[in-house]
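Chains A and B supply the protein sequences, listed in that same order.
Here the first sequence stands for residues 101 to 448, numbered as in my numbering.
Here the second sequence stands for residues 1171 to 1693, numbered as in my numbering.
Simulated from the structure, these hints should not be mistaken for lab results.
Computed from a prediction, not measured in an experiment: that's the story for all the values here.
One or more hints might be untrue.
[As the list claims (entries may be wrong)] Across the chosen pairs, the derived CB separations fall in these ranges: (1) A:Ala268 - B:Leu1691: 51 to 57 Å; (2) A:Gly303 - B:Asp1236: 41 to 47 Å; (3) B:Phe1630 - A:Gly219: 50 to 56 Å; (4) A:Tyr175 - B:Asp1245: 36 to 42 Å; (5) B:Glu1686 - A:Pro123: 52 to 58 Å; (6) B:Pro1640 - A:Ala268: 53 to 59 Å; (7) B:Gly1340 - A:Thr335: 51 to 57 Å.
Quick reminder that beta carbons are idealized off the backbone N, C-alpha and C, glycines included.
Here is how the chains run, residue by residue.
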Amino acid sequence: MKFPIHPRYIAIMRAEDLLHPTPAGLYCPSGDFYIDPVRAVDRALVTHGHADHARPGHGAVLATPETLTIMAARYGDGFTGRADAAVFGKATTVNGVNVTFHPAGHVLGSAQIAVEKNGLRIVASGDYKRAADPTCAPFVPVPCDVFITEATFALPVFRHPDAGDEIAKLLTSLQQFTERAHLVGAYSLGKAQRVIRMLRDAGYDAPIYIHGALEKLCNLYESEGVSLGPLLPATVETNDKDQFAGAVIVAPPASLNDKWARRFPDPLPAFASGWMRIRQRAKQRGVELPLILSDHADWDELTDTITEIGPSEVWVTHGREEALVRWCELQGIAARPLNIVGYEDESE
Amino acid sequence: MNRFAALLDRLVLTPQRNGKLRLLVDYFRDTPDPDRGYALAGITRDLEIASVKPAMIRTLVEERLDQVLFAYSYDYVGDLAETVSLVWPEAETRANRVPTVADVVETLHQASRSDGPGLVMGGLRIGVSARLAKQALAQFGGKDIVEIEELWHGLEPPYLDLFAWLEDRGDKPAPNHSAPFRPVMLAHPLMEKAERADADIAGKLAIAPEEFAAEWKWDGIRVQAAAEGGERRLYSRTGDDISDAFPDVLDALDFEGAIDGELLVMRPDTERDVAPFGDLQQRLNRKTVSNKLLASHPAFIRAYDLLTADGNDLRGEPFQVRRNRLEAFIARHGGERLDLSPLVPFASLDDLAAHRESPPHAAIEGLMLKRWDSLYQPGRPKGPWFKWKRDPFLIDVVLLYAQRGHGKRSSFYSDYTFGVWRPGDNGQELVPVGKAYFGFTDEELKRLDKYVRDNTVERFGPVRSVRAEPDHGLVLEVAFEGLNRSTRHKSGVAMRFPRIHRIRDDKPPGEADTLEALTALLD
Ligand SMILES: [Zn+2]
Ligand SMILES: [Zn+2]
């Protein structure tokens, strides 16, 4: 049953009416779509390819071409009933709601999604960062009434240092410990390719060994125009363990403490992650060389971004909501946590 | 500051000694004066930063950061000093440049209230002993570590003259006070573990009474007490100055000379009846000591050797001569806080073995055997001195938790927490009594790792709990050197030097030892 909407009600449309959290994810009733739903739905708008944002089995998916390619690579061609590609900065209409994708600077193809109706604009930024990343388009600030921000590293203790310096730490260690295999744990979508690309930019041109789980995504990045230089599988072909002495091996973080790691001579465990800022966390995992390298905004980036965009309201999701909400309160900005379940503390 | 912070990070997280050495040597080479000197002081804890109290740091931070945000941060990080250093406002560094270690130190010295927590390390353990730092300096300058140890106590941060000498740009710095530390002579175990099994080697090791002196090895800490030219100092065997913690011992050094001996605590109101090692531990690592503790835990020195006497260096004399001098010296200067470690007369190796099995006091760890003709040589020369420790205690325990190791062992569960039985509310229960991470062979490590992976009950980060029930679990035979009472442990006891001796596949967990049997060793 449908009723005509009286113009008076349109003028006072509340943000919660345009987008609000449901058990399946952030839902837009007028457009009848979800953003990054955590369950299979009829129509999904997906910000980026990380598994907790991009799930298989939806009726239709609207996402950037790169994100669609990533989803197809991870879940197979039948990952959705229907796939529509969104172009950065170009508005489309979904059931009468205006939708525009903008770069988020998080990983290849990552987007913020601006949802607009009756003069009210909400930007769901997904995961984002402001630091430079040679593997994806940089974040674009979009003016809006409500800004939905992530909060993975939303504590004042998280300040990511210059990424180039962290790569330099790795290069220094390679010169200092030439006999040890440098095992770099890096999340397989985005972080791994960023580490490899940054090593290349820093002049490292030796072959880099990769764990089997990274192969597909590294090839995908290559075909999307992110060149990664010579990559070799990290398998022991001969009995010559020495081939890995002084080499860089990139692998998913979990494999660092796995039996898999035993094939390398005297491995030196490194881990590229924003969590490495906390020494205790590095120690717990047995990491000897912490590389503070994150694809998420740190405390300063989060607060600077909110200041820059100047929304009248901030919704916080995905991490340490309480601290960022507190900061907004201190600045006199209306803010509340969006308690959406189903997103993980990406094991980054 | 950046480079120093990076060095600290690496030192904290690098488990191998050689790795740490390399990091330190490279740092000394690549860092200019005075930064490297202040960094060295920070590492060896010679740098005194006017008592920065946790409450004060907190106040300073809260002036700059919202209390609630600080509370969230502290809650997440768990360590106050680390939290503070992470949230410290970085305005200056963003605008301009990163301050040097020297900048920070100078600021700290100027400010009545310290205004930068860069060097406040709080709960952080850098894992570098003063000895390792000196080893790195020796390696960096191509010198012998003995030379560095000898002159160390005359030096002050930022050690410009030391670095000048190490880089062959200056003369060797001279010790600036008259009671210097003299590098200590150490003993080898009489037989290494592998040799013990080999009857041929054991048989060839003739310890003849005419060649060797034997004395008790007391269960305290080895020290050097020097009283020369009006100065009195007490050093640990690695050359750390521990004088401040032992004013009672210092008072008794009423002589001109340097003694090598064992620092012990006596039971109050006895004539040097040696208290358990745990009592001595109460007195260690203190900057000051209360009168109450001085009365309840009186310390004294039991002398083994005499290095200098009345201005004469005796280290080039044979032990026989030094021992005679020592006996006369203690007869003259000994007293309530200083006595002589007696020799143990013996006629044969069998005779000696019998002494070793039944020492006259619980605070005896074993025997020291010294060649009558041995000179006092720094380090651990092979041949002149041996230690022959009492056999360790053995108990059967049940494996409870395992944690992943570090470095080469990071893919193995190699740190084991184990327990023994005690009566609980619902029958017998296991209570943790200790932790061990060595003693096993590579082969045993693989078996233990497999057992842990196959029998995991729960995971908490790098730790796994394993099945431990009366008829399903893993029994380990653990060797240890002694037992202390401990209020920090649930079981009320703490083991000294526990290690995995054997995997007891043959024994059901229900038959492992009890807490009662273990605590019986305390008395
Ligand atoms: Zn993500
Ligand atoms: Zn995410």
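Indices of hints not satisfied (ascending): The structure conflicts with no hint, since it agrees with every one listed earlier.
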